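Q: The chain contents come next:
Protein chains: 2
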Amino acid sequence: MTSVPSEPAAPQSAADGADGTTWVYDFARGSREMRDLLGGKGANVAEMTRVLGAERVPAGFTITTAACVAYLRAEPRGFPAGLVEEVRAALLRLEATTGRGLGDARDPLLVSVRSGSPVSMPGMMDTVLNLGLTDVSVLGLAERTGNERFAWDSYRRLVQMYGNVVRGVASDLFEREIARIKEDRGASLDTDLDAAALRELTASFQRIYREQTGDPFPQDPRVQLDLAIRAVFESWEGDRALHYRRIHGMSDDMGTAVNVQQMVFGNKGPTSGSGVAFSRDEMTGEPEPSGDFLIDAQGEDVVSGVRNTSSLADLADPLPEAHDLLLDVLGRLERHYGDMQDVEFTIEEGRLFLLQTRSAKRPAQAAVRFAVDAVAEGLLTREAALLTIDAGSLDALLHKTIDPAFDFEALAHGVAASPGAAKGAIVFTAHDAVESAAQGVDCILVRQFTEAEDVAGFHAARGIITSEGGKASHAALVARGMGRPCVAGASALEIDVRAGEVRLQATGEVVARAGDPIALDGSTGAITTQDVPLVEPPENANFEEVLRWADAMRRLGVRANADTPDDARRAREFGAEGIGLCRTEHMFMATDRQPKMRAMILATGLEDRRAALDALLPLQQRDFEGLFEAMAGLPVTIRLLDPPLHEFLPDRVDLELAAARGEGDPALLERVIALSETNPMLGTRGSRLGILHPEIYEMQCHAIFRAARAVRERDGEAPHVEVMLPLIAYERELELMRALVLRVAAQESFVRGEDFMVGTMIELPRACLLADHIATMADFFSFGTNDLTQTTLGFSRDDIEAALLVPYLDGEVFDRSPFETIDTPGVGELVKMGGWLGRKMKPDLQLGICGEHGGDPDSIEFFHRNGLDYVSCSPFRVPVARVAAGQAAAREHRAD
Amino acid sequence: MTSVPSEPAAPQSAADGADGTTWVYDFARGSREMRDLLGGKGANVAEMTRVLGAERVPAGFTITTAACVAYLRAEPRGFPAGLVEEVRAALLRLEATTGRGLGDARDPLLVSVRSGSPVSMPGMMDTVLNLGLTDVSVLGLAERTGNERFAWDSYRRLVQMYGNVVRGVASDLFEREIARIKEDRGASLDTDLDAAALRELTASFQRIYREQTGDPFPQDPRVQLDLAIRAVFESWEGDRALHYRRIHGMSDDMGTAVNVQQMVFGNKGPTSGSGVAFSRDEMTGEPEPSGDFLIDAQGEDVVSGVRNTSSLADLADPLPEAHDLLLDVLGRLERHYGDMQDVEFTIEEGRLFLLQTRSAKRPAQAAVRFAVDAVAEGLLTREAALLTIDAGSLDALLHKTIDPAFDFEALAHGVAASPGAAKGAIVFTAHDAVESAAQGVDCILVRQFTEAEDVAGFHAARGIITSEGGKASHAALVARGMGRPCVAGASALEIDVRAGEVRLQATGEVVARAGDPIALDGSTGAITTQDVPLVEPPENANFEEVLRWADAMRRLGVRANADTPDDARRAREFGAEGIGLCRTEHMFMATDRQPKMRAMILATGLEDRRAALDALLPLQQRDFEGLFEAMAGLPVTIRLLDPPLHEFLPDRVDLELAAARGEGDPALLERVIALSETNPMLGTRGSRLGILHPEIYEMQCHAIFRAARAVRERDGEAPHVEVMLPLIAYERELELMRALVLRVAAQESFVRGEDFMVGTMIELPRACLLADHIATMADFFSFGTNDLTQTTLGFSRDDIEAALLVPYLDGEVFDRSPFETIDTPGVGELVKMGGWLGRKMKPDLQLGICGEHGGDPDSIEFFHRNGLDYVSCSPFRVPVARVAAGQAAAREHRAD
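The listed protein sequences correspond, in order, to chains A and B. Whatever position you read off the first sequence (first residue = 1), add 134 for the working numbering. Whatever position you read off the second sequence (first residue = 1), add 134 for the working numbering.
Looking at chain A on its own, in the form it has when it is part of the complex (with noise of 0.2 Å):
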């Protein structure tokens, strides 16, 4: 059952094919921009063996997308006419240039055969290794090695992968009779069987392939191959694989290739080794290759972390050869690919093999200073060099950390939901947070979950605990907005409010009491009750030349949202071009505003009312002065009061138990059940509001007017208002709201145009619909992603994230939840229709956006082609706004 080279082998001429199709092509023949034809793995090791030569890349051959087409269209399925020969052709040249034959009892060639699509897709057939091995062969392998056990540990592992992947053979069945054998065995782990022990899991493995397939083990490796390489092509018309095209609208006719590639082993002795390698610092960035390796051992050795590795600087002294080869292999391939390499080696018997190589993963500081080296040397251009890094990492530049060089224990991971580290003593509610804070103690909010009413808290705290939620939790969401780190959702916790507890969710036990010291860390996620050092972020001279690149490069403008001035100032500093959108109801949260605020809504004649407004009047103004001043010479956009006014008012829970107990105002209980709302998200908000209690929008048009006229007075510089109203779903809720403010304004001597603009926040399905009519009465649209995502998918952010985002993501609705970036075909499709319309009757329309997304890399990306003139979004994230604005601009200009 040996076999040898029968054939001389010959270069491969340009076209094999019977008809002149060539359905195969060797390695050395392909190149990356044969994707379509090769699939994405087949072109990339063809890319590497172009780049450094056919001796230093396992060599082998990749059975083209176009035979897998043909093969599914013949009926019955089969190759078509040319593709045997051609593979028995290109095996014959693998032989040759391996000096090893398939099957051969003396000194075997093992190949690999894996699926590869032109663009990678879940659902396809998975990797067989090791294929080439019978009987017969696995003897010569045993030889060649000097190491019986682990070629018997090579042919099981054949048999197991090629039972499951190309007949179906269920893994469990394997997975059994391996635990049957270690306990006959008395062995622990599967390392723990020796040779004889893999013979007769071998022999076994044999028993249940024939058993569950009524077929022996094919013993011919040509056969073993045939049958791989119609097993990847029928997988292409897998159930997982046909659904995860449908739901991407990709098309069924691209097919996948199949990759045969030898195998090389770093398992063969002294001169032998596996490794990985970075082309520069993965954690610095610094002109430096770094890496690990072990000799003598396999690269799932290195990955598995069962032994200690060496560095990348140690494989000199064994094998220095390998070593230098190696270094200079890193930096043709950075330069070839214009980016940091990630690389996979094996060195078999003092040859250097390169198996994988990919741009590096790096954290963001080595991402900036890679991108300023690489302009720097002149290897790329500041285009290319910014489209290197991963904008969403950026802000982690940005915000405190746990300093690394510490150890601690974390008592709890929750979800990272706005990046930064801080640490304080315990509170449970928002006034002790504001008391403990009045008081000059840090301190850390820690709740089930956050509401309206919470948001002193939040100015007040450090940070932020949840035990509920997700990353657009309320919690995420006001943290991220205020740059206050948070942890959301860490369900390991059960926080008693009333206790005043936080206990282990597993066995009930007290960890903390509110008063005792705990911190976060919103990059990570972790929780700890130890007295972590936190330190600063350093200045980073690379980022700041990155955000440079960035901002000669990008047509969108970058605004924040921001509520205070303080904010304001951080914004700008920051980068923001302007205010996007500020929420004036966080202004009435804090604790000197809400009982004016309580008053207005509670309120029983409009005379009580206007009183109320009257007290708070002078508050907003004096916000409306700090952020103009802040923003001097940037727009500020101020959307009008949008919270159903029951968010100011405690919980009606609370409310009823008091009155139960005979405590409590049962006038505010009253008026609380009275406004309570069914769904409020989609309730008496927003405008409507507005409509309802015009005098509340009246007294904050007269704050803003008031306002923008003493900045003018005081600092000689009029500022950009832009007023804005929120939640319109019908024209002439915006007609009545635009009267009432150009009304206010005429009181107050201001012109629209001139001195002020007026616009709506575009955030309802029926708003984008009829964009065209709103526009005649805006001269601005701000979309509200948020709340469009919200009615568009049917989906509260507040219940959904809790129920819904893990199974959507595990049953693969979903790959990223459409609160973190925008849903393309839906919402997305809402906005480019309602910028559309908007446009054609107004060309001159201003077009931004101040949901979430504005803060998201793919959505900026996505923003930017549909022509928005600005994104907004929390301070924190401006700079990553600015990178991902300029990134999307060179992505355009590069594919012009």
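Warning: the hint list may mix true and false statements.
Which copy is meant is left open, because identical chains are indistinguishable; a pair holds if it fits in one copy or across any two.
List of simulated lysine to any residue pairs, SDA-like, C-alpha gap at most 25 Å [claimed, not checked]: (1) K966 / R380; (2) K976 / D386; (3) K495 / L514; (4) K730 / A792; (5) K976 / D387; (6) K976 / G887; (7) K316 / A276; (8) K976 / L545; (9) K976 / A873; (10) K605 / I807; (11) K976 / R374; (12) K974 / D387.
Note that these hints are calculated values from the structure, not bench results. The model shown is predicted, which means the values in this text are computed figures rather than measured ones.
Here the structure of chain A is known, so what remains is to put chain B in place on it, guided by the hints.
A: Just chain B, lined up with the frame of chain A:
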């Protein structure tokens, strides 16, 4: 200052304008086809003149809309060339025709001036009456009528109307003057003022006019006319009119016409009179003219009810000729317009004038009687006859009413939320309703508002009264669905469930307690504590005939929303062609099932839950068997569980209060808190439940297929099963749930396509936008326009109806609740998009609609035009929907 015809009157020639354009048309020259040029009012009076002859309609002329447009386009604005001359000529002809002169000192011609655009529109100029009176001609009028008081009253009205309407003098200035003079003279009513007082008032009005406008009241009637015409033209550009046209998408280029018409007087003595008349009996539709009149009176005296009118037949005695002529005229007008007419007439000194004719408003029984008679008489085709009916009024023919012969005093009036009358003992809870019904005592459920857990009480009660909510409140929707009479939002009542009292809101007086009798009429909104007799609606052969016509014409199928075999049978009696929506959750609301449903929800593990579901399965199966049998041969669409689970649990506040008292089940409260949602409408419901808890949907599917099999085996006919998945946003959700349905179907040996269909509700904007993708997974779509309206508009139905409906109607944001009639430019656009995209992908996709809009005639017209296959509505709306669908087809046919 007198004026007499100074030129011989000549008939109007065809083209009078200097440039060949005719700016002015005598009534005798127009017709109803000339609406665009003459406006609606001008075209109608011309048509009436054409039909009845010039001697029967007060003479006059119309200045065209084209003249208005020319006037407004001129810079500066002004009459186009030739218009002044044409008006003068028309006025001369009018003087000649009437034999009176404008401003004449002895027998003056008085005219009215009215605007009239092609489409009726609020905000246009109001009417000016009595134009032509001056200080001189008022004396002539007094002399000619022998009624000095009448003359001065007419004159002061002219000054007041003219001042207000033409010159913009504030009405209250005049009103205050009237009040002052009444006080001076000790008069309490306007009618107490004598001629001298009115002469003084006229002088005061002229002074006010001069002070406010700076001009004296014009004493040249030609100047009066000239200014009035200009004022009408200008009003076309008034704010309200501009606004109205903008929100209704109407062109600004239409312009308005001006109608100048001779005034006639029914108060010139015993041979004069005024009245209203119908061409058939307005209450019954019997072919016998009816009406009311007064001798020596003006039209407003008839309408105001100050004097007791005589019935039309009695006119034959004093004025036999006018009487006979009127009957003849009524017949001619009815034949001409092809509809029952309602006319206003005046007899001036024996001469009959018709002032207006229009289609008569009529109750349902008169409408169907007229339609059937008109076809029998050969007056109308069936199509035309069908279109004379107001479909929305017809369900009055299907319900009990309070005996119209019985006089009663209403305790309060609320919204007529679900038609029909009912009476019984007051109960305040579903539990008491069920107990009462079990004891055979009719009861009425009386609550502030209702929720899902009250539904068992709806079944048990004869009718429902609420103090909150409107036509789209939960109570109204469920009551209409079940055909239970309901009066909602009776805000004069304070309903205190805990105290077991109904009090008057205004005084706090207790008017009824639990067990006391109460009655309601859901067709009128009346509530009474008197023992009123109820009467059944009589069989109506005319209605049956009309329904047969409609069925023969319509293209839309009509199904019913029905959840029980009783509902299904009733729906079938009303002509439903299947069930378009069976809400399976209602099956769990019955008292015997709530405990089992709760056990399922409270189950801590999957095992417990399955056990609870196993207990529910046979009950569901029995329900489905009943439905299938009631609908044998017709399709039954079953929607799997839709509402969030917490709707099946007790109210959280009640549980918290109980817990505070140390009562209740802590585990239940905990679960209620865990399941509670901020916005349940957008929460974990519909197919999201199916994804989280597949075992629930699996149970339901087993019940459906087993029921279908049982019925097939028992009755020999297989039910037409359509399984419907609710609340789909993503194609993948439907894919997962469809796979679940197919899996259970396979277990029960049911084959999709042969034995059943699987489809989805389309009720979220995203589903409409991606309907092509979703269609690949669906055999049918059913538009859930209730939820689609909620999400597209961002309106929570439960919250908005209470808070915003009235202010939004007042503010002209919309003219009907979008939950009653579909919002065509917003929600309707999404329905069109969804249908179009779905059929693009799958041309034979079945399209239905099962929201409340399925029973609304205007919405049905929209669904017909957009190619839906069927509408589904509550059983009692089925006949309405059949007629409306027939009308939609007839209208389309006539438009072809």
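Q: Now look at each hint and say whether the structure bears it out.
A: Verification of the hints:
no., hint, in the structure
1, K966 / R380, "both (23 Å within a copy, 24 Å between copies)"
2, K976 / D386, "between (42 Å within a copy, 19 Å between copies)"
3, K495 / L514, "within (18 Å within a copy, 81 Å between copies)"
4, K730 / A792, "within (22 Å within a copy, 33 Å between copies)"
5, K976 / D387, "between (43 Å within a copy, 21 Å between copies)"
6, K976 / G887, "within (15 Å within a copy, 50 Å between copies)"
7, K316 / A276, "within (22 Å within a copy, 124 Å between copies)"
8, K976 / L545, "neither (56 Å within a copy, 55 Å between copies)"
9, K976 / A873, "within (19 Å within a copy, 47 Å between copies)"
10, K605 / I807, "between (31 Å within a copy, 22 Å between copies)"
11, K976 / R374, "between (46 Å within a copy, 23 Å between copies)"
12, K974 / D387, "between (38 Å within a copy, 21 Å between copies)"
Of the hints listed earlier, the one the structure fails to meet is number 8.
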